[in-house]
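Q: Make the full structure from the sequences, and use the hints.
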Amino acid sequence: MALMSEEAALLVEKGICELVELPKLNDDLSDEQKLELKRINNKTLIEQAEALRKRKIEQLSQKLDIIVAGKKKKMLSKGISNINIDKDALLQEEINKLPALAPTNTLVHLPTEHYIDTERKKVSIDVLKPSVLDSKGANRYAIFKDLWQKGFYMTSGSKFGADFLVYPGDPVKFHAMYMLRCVNDHRTVFRPANLVAFGRLSVAVNKLAVLAFCNVFGKVEYQTLLWHDSVNS
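Quick note: the sequence shown, position 87, residue 87 per full-length UniProt numbering, numbers continuous.
It is possible that part of the hints are untrue.
Each computed DSS-like pair below joins lysine-lysine, with the alpha-carbon atoms no more than 30 Å apart [to be verified]: (1) K56 with K71; (2) K56 with K129; (3) K78 with K54; (4) K38 with K14; (5) K97 with K74.
Now the in silico label distances, taken between C-beta atoms and shown as ranges [what the hints assert, rightly or not]: (6) H109 with E58: 15 to 25 Å; (7) L201 with K63: 47 to 57 Å; (8) T112 with I85: 46 to 56 Å; (9) I116 with A69: 18 to 28 Å; (10) K150 with A204: 22 to 32 Å; (11) K63 with N42: 30 to 40 Å; (12) P99 with P23: 42 to 52 Å; (13) I85 with H175: 53 to 63 Å.
Rather than coming from a laboratory, the hints here were simulated on the basis of the structure. Quick caveat: nothing in here was measured; it's all calculated off a predicted structure. We put the CB at the ideal spot given by N, CA and C, even for glycine.
A: See below:
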């Protein structure tokens, strides 16, 4: 999971997490560490194979009556009338046919922590890139934090020509409502063409265009661009 600098800084500020560097993370592995990595990968393969086999057996057990009916029908078609099928034996026969899980068919394993003990170094938010401490970064962070405190959800808006996409709720459940650009200086003079382009883009993607900035008192303010197409709709 990758976090925006603003997300990471807010989590640190709220005491929810801390930033840690692993300075030796990219060092060459020793032979012992390579063996440990191989052992972990093999363990993952075995665990997935066992889980898959268990699931397949459960599916076979649920479909056993259908399998038995199919066997009987096949035997009857061959003229065999005295049919006595042992369900347990048939189930075991089907289980024995299950193929072994090939490494290429395993799910991608995403560890939540590094598998090898390595040096950990606690760092402050000044290591974040892009920075949240320079004038531009501090302005973005102030706006991000203000939106978060108002209950909005934010993701990167770079693909939409904005700083943030703003959601009224969980992005898994909602579409973004606003595309927001941060203005670094409230005295900024805008070229009409830039405002028109931003407004038309917001209409094209069915969102509202918002400009956000910090006023002379450090308070975050917002200006919505209402394009005529969006007003008429």
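Q: Would you mind marking each hint as holding or not holding in the structure?
A: Hints and how they fare:
1. Simply put, K56 and K71 have alpha-carbon atoms about 19 Å apart, close enough for the 30 Å limit, and the pair holds.
2. Pair hint K56 plus K129 does not hold up; C-alpha atoms about 47 Å apart against a cutoff of 30 Å.
3. Between the alpha carbons of K78 and K54 the distance comes to roughly 34 Å, so the proposed pair goes past 30 Å and is violated.
4. Of the pairs offered as hints, the one joining K38 and K14 is violated, with about 38 Å between alpha carbons and a cut-off of 30 Å exceeded.
5. The suggested pairing of K97 with K74 holds, with an alpha-carbon distance near 19 Å, which does not exceed 30 Å.
6. Against the hinted window of 15 to 25 Å, the Cβ-Cβ separation of H109 and E58 comes to about 23 Å, which satisfies the hint.
7. Distance hint check for L201 and K63: the Cβ-Cβ separation is about 53 Å, which falls inside the suggested range of 47 to 57 Å.
8. Restraint check, T112 to I85: a C-beta distance of roughly 47 Å satisfies the suggested window 46 to 56 Å.
9. The beta-carbon spacing between I116 and A69, approximately 53 Å, falls outside the hinted interval of 18 to 28 Å.
10. The given range of 22 to 32 Å is respected by K150 and A204, whose C-beta atoms sit roughly 26 Å from each other.
11. Checking the proposed 30 to 40 Å range against K63 and N42 shows it holds: the Cβ atoms sit about 32 Å from each other.
12. At about 44 Å, the CB distance of P99 to P23 agrees with the hint of 42 to 52 Å.
13. Taking 53 to 63 Å as the suggested C-beta distance range, the pair I85 and H175 conforms, at roughly 55 Å.
Violated hints, listed in ascending order, are 2, 3, 4, 9; each of the other numbered hints is respected by the structure.
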